[in-house]
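2 protein chains.
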Amino acid sequence: MVQSLVLSVDAMGGDSAPQVVIDGLAQFLEGQTGVSILLHGHEGHLEPLLADTPRVAEACELRHCEGLVTMSDKPSQALRKRDSSMWKTIEAVRDGDAQASISAGNTGALMAMSMMLLRRMDGVHRPAMTALWPTQRGRIVVLDVGANLEADGNQLMTYAIMGEAYARAIRGVERPSIGILNVGSEEQKGHEEVRRAAELIKASGLDLNYKGFVEGNDISAGTVDVVVTDGFSGNIALKTAEGTARLVASFVREALTSSLMAKAGAVLASGGMKRLRTLMDPSNVNGGVLLGLNGVSVKSHGGTDANGFATALRLAADLARSNFTSEVAANLARVQANNQDSSESAA
Amino acid sequence: MVQSLVLSVDAMGGDSAPQVVIDGLAQFLEGQTGVSILLHGHEGHLEPLLADTPRVAEACELRHCEGLVTMSDKPSQALRKRDSSMWKTIEAVRDGDAQASISAGNTGALMAMSMMLLRRMDGVHRPAMTALWPTQRGRIVVLDVGANLEADGNQLMTYAIMGEAYARAIRGVERPSIGILNVGSEEQKGHEEVRRAAELIKASGLDLNYKGFVEGNDISAGTVDVVVTDGFSGNIALKTAEGTARLVASFVREALTSSLMAKAGAVLASGGMKRLRTLMDPSNVNGGVLLGLNGVSVKSHGGTDANGFATALRLAADLARSNFTSEVAANLARVQANNQDSSESAA
Chain A
9 MVQSLVLSVD AMGGDSAPQV VIDGLAQFLE GQTGVSILLH GHEGHLEPLL ADTPRVAEAC
69 ELRHCEGLVT MSDKPSQALR KRDSSMWKTI EAVRDGDAQA SISAGNTGAL MAMSMMLLRR
129 MDGVHRPAMT ALWPTQRGRI VVLDVGANLE ADGNQLMTYA IMGEAYARAI RGVERPSIGI
189 LNVGSEEQKG HEEVRRAAEL IKASGLDLNY KGFVEGNDIS AGTVDVVVTD GFSGNIALKT
249 AEGTARLVAS FVREALTSSL MAKAGAVLAS GGMKRLRTLM DPSNVNGGVL LGLNGVSVKS
309 HGGTDANGFA TALRLAADLA RSNFTSEVAA NLARVQANNQ DSSESAA
Chain B
9 MVQSLVLSVD AMGGDSAPQV VIDGLAQFLE GQTGVSILLH GHEGHLEPLL ADTPRVAEAC
69 ELRHCEGLVT MSDKPSQALR KRDSSMWKTI EAVRDGDAQA SISAGNTGAL MAMSMMLLRR
129 MDGVHRPAMT ALWPTQRGRI VVLDVGANLE ADGNQLMTYA IMGEAYARAI RGVERPSIGI
189 LNVGSEEQKG HEEVRRAAEL IKASGLDLNY KGFVEGNDIS AGTVDVVVTD GFSGNIALKT
249 AEGTARLVAS FVREALTSSL MAKAGAVLAS GGMKRLRTLM DPSNVNGGVL LGLNGVSVKS
309 HGGTDANGFA TALRLAADLA RSNFTSEVAA NLARVQANNQ DSSESAA
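If you read the protein sequences in the order shown, they are chains A and B. Quick note: to get the numbering used here, add 8 to the position in the first sequence (first position is 1). Quick note: to get the numbering used here, add 8 to the position in the second sequence (first position is 1).
Since the hints were derived computationally from the structure, they do not count as laboratory data. It is possible that part of the hints are untrue.
Remember, identical chains collapse to one label, so a pair may be satisfied in a single copy or spanning two.
Computed cross-link-like contacts, DSBU-like style, restricted to lysine-lysine with a CA-CA straight-line distance of at most 30 angstroms [said to hold, decoys possible]:
(1) Lys210 <-> Lys197
(2) Lys82 <-> Lys219
(3) Lys271 <-> Lys282
(4) Lys197 <-> Lys82
(5) Lys219 <-> Lys282
(6) Lys197 <-> Lys219
(7) Lys89 <-> Lys197
(8) Lys282 <-> Lys82
(9) Lys282 <-> Lys210
(10) Lys82 <-> Lys210
(11) Lys89 <-> Lys271
Given only the sequences and the hints, what does the whole structure look like? Please build it.
Rendered as structure tokens:
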């Protein structure tokens with residue numbers, strides 16, 4: 009039996025919505041069976057598009073929404089838009105109508121709505137935003153990349169638990185390796201919170217494949233499957249990497265157009281350069297998830313193309329079909345039980 | 009009249025010392041007049057090398073040192089090695105025998121010795137380590153990249169003052185623009201310390217070209233001349249960028265060797281690719297300075313080549329010849345005077 013899956017999609021979020029959303033759905037649905045879509049947005053915009061793409065129309069239930077969250081809405085403004093496609097998209101997950109939601113809209117608004125509607129899991133003080141990071145060894149998981157600016161040792165441990173289950177869910181690695189981002193790999197390095205997190209993970213009694221501290225260069229090297237950090241450092245690392253990749257790419261372009269010979273070489277090498285563009289294409293790693301909530305809410309990049317939106321949809325489907333939530337819940341419960349045991353034995 | 013300059017050089021620090029140091033000196037001295045060198049290290053190693061390079065021997069006064077700081081020495085161990093080439097190199101600056109010191113040795117040891125011997129400038133609570141960062145618009149200054157893990161608003165303001173004078177000294181920009189690294193560019197973004205630093209800079213009464221908050225991707229874009237951050241985030245940004253550049257370079261290599269056609273193209277484009285390697289060559293941006301001390305102490309990368317060591321020597325010379333120290337001292341004094349004024353008027 010093919011298990012059926014329902015995804016809730018915000019058709020109106022992102023720079024090129026709703027066209028990119030419909031095209032992304034078309035790409036995604038090609039490889040899937042037993043998936044249906046709750047499509048949220050303005051029917052005036054969506055009906056003509058669906059009429060043109062029958063394969064998508066067939067899988068979709070269109071749910072008309074009058075309201076719209078704009079890119080300039082502050083989270084507090086967005087939270088009042090209860091008739092918006094974004095709100096309705098997440099609400100469908102809360103109500104059990106769908107197993108995961110996907111939106112390419114305003115990030116701050118999406119985080120605020122997800123937290124309000126889906127609420128935090130037991131034992132999670134703060135949710136964390138994940139990024140999939142291209143490395144020498146495929147994609148790895150980095151969290152938190154900006155949901156919360158600060159994280160204490162206990163929160164960092166929670167991120168490790170969530171990141172580990174997430175890497176298993178979406179990458180199929182049996183025992184994902186975990187590292188905490190720091191300024192050196194030695195145990196005595198770093199500020200108090202990262203050292204505390206390392207101690208808590210080791211003392212947790214969980215069967216985590218913890219490898220110790222890693223440094224900034226370890227991220228792209230793919231030294232571990234999961235890199236744990238606070239949202240300030242994680243956001244800076246992510247954006248610094250994006251900027252560096254762009255800089256190097258511009259140097260490559262410059263090098264390959266610097267002379268007639270170089271240009272001729274670039275033409276001959278165009279097959280290889282196309283492969284390079286694929287490797288570097290951010291749409292292949294599109295999709296961030298706010299982990300730690302009672303439900304899956306996936307954020308697609310606002311500027312992504314159809315290919316990128318399809319990647320985010322696949323991510324949501326993989327996560328919804330996995331045991332992510334039950335695994336995280338079990339590990340968090342075990343940590344809490346451990347804490348109670350030790351406080352009782354101390355008493 | 010050519011002003012004379014004396015540089016104090018640790019001949020024994022770094023992976024390929026002392027050969028790389030002598031070769032780097034040979035490169036550096038070619039473009040210089042009126043510079044002499046105090047060369048610190050073991051005469052048994054150095055005399056044969058100097059005999060082979062008369063141009064370097066001519067400019068050098070060899071000062072024999074028995075002791076050696078190794079790469080595995082902890083700072084506390086290194087500080088006891090008062091007869092080491094590293095200690096003697098910095099001591100020469102403290103004693104006024106030289107205007108700047110350069111070493112490619114153990115970073116932690118060099119920072120500890122520099123702080124002990126040169127001491128902090130008045131008004132500087134914590135010194136900061138600088139990096140020169142290649143960008144779309146040439147090299148920019150990023151600090152702190154790891155001297156201190158944490159920095160409060162006041163310390164970040166001090167970094168801005170020092171980074172600004174440093175960028176003027178080594179890049180010749182009249183009024184270097186300054187940004188504070190943050191997770192967003194809006195004023196209300198970020199944690200308390202970055203917001204406090206922004207307020208302090210604006211209220212300082214100094215004529216700083218402050219541009220506001222910048223994000224990780226702004227570093228490589230070269231949005232500002234000076235990026236100010238705490239040592240934890242700065243270290244992670246720097247190493248993440250290094251890792252990303254290495255990853256993209258490996259993707260480029262892979263692309264250009266993926267087929268016979270691509271390989272042929274790479275041969276044709278080799279002139280351009282050579283230019284790319286020059287742009288990406290870390291030896292062109294080699295040299296970190298611990299700012300905020302009463303004297304110039306330059307750290308060369310331990311694994312650098314002769315070209316990189318020459319870059320670090322040029323950096324030291326530029327800094328020693330500039331008005332860096334007096335400019336920073338004047339700005340710090342003005343900030344302190346302002347603070348006194350406002351506390352007096354509040355009283």
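Each hint tested on the structure:
Taking identical chains as interchangeable, the C-alpha atoms of Lys210 and Lys197 lie at most 30 angstroms apart only when both belong to the same chain, with a minimum of 16 angstroms there against 34 angstroms between chains. For the identical chains of this complex, Lys82 and Lys219 are inter-copy neighbours only, at 23 angstroms across copies versus 39 angstroms inside a copy, given an alpha-carbon limit of 30 angstroms. Taking identical chains as interchangeable, the C-alpha atoms of Lys271 and Lys282 lie at most 30 angstroms apart whether they share a chain (15 angstroms) or sit on different chains (14 angstroms). Taking identical chains as interchangeable, the C-alpha atoms of Lys197 and Lys82 lie at most 30 angstroms apart only when they sit on different chains, with a minimum of 13 angstroms there against 38 angstroms within one chain.
For a Cα distance limit of 30 angstroms, the shortest separation of Lys219 from Lys282 qualifies neither inside one copy, at 36 angstroms, nor across copies, at 38 angstroms. Taking identical chains as interchangeable, the C-alpha atoms of Lys197 and Lys219 lie at most 30 angstroms apart only when both belong to the same chain, with a minimum of 15 angstroms there against 33 angstroms between chains. In this assembly of identical chains, the alpha carbons of Lys89 and Lys197 lie at most 30 angstroms apart only when taken from different copies (23 angstroms versus 46 angstroms within one copy). Taking the shortest alpha-carbon separations for Lys282 and Lys82, neither the intra-copy value of 39 angstroms nor the inter-copy value of 48 angstroms comes in at or below 30 angstroms.
When the C-alpha separation of Lys282 and Lys210 is checked against a cutoff of 30 angstroms, the pair qualifies neither within a copy, at 44 angstroms, nor between copies, at 47 angstroms. Taking CA atoms no more than 30 angstroms apart as the test, Lys82 paired with Lys210 passes between copies only; the shortest distance there is 26 angstroms, against 40 angstroms inside one copy. For a Cα distance limit of 30 angstroms, the shortest separation of Lys89 from Lys271 qualifies neither inside one copy, at 53 angstroms, nor across copies, at 56 angstroms.
The structure does not agree with the numbered hints 5, 8, 9 and 11 stated previously, though it agrees with the rest.
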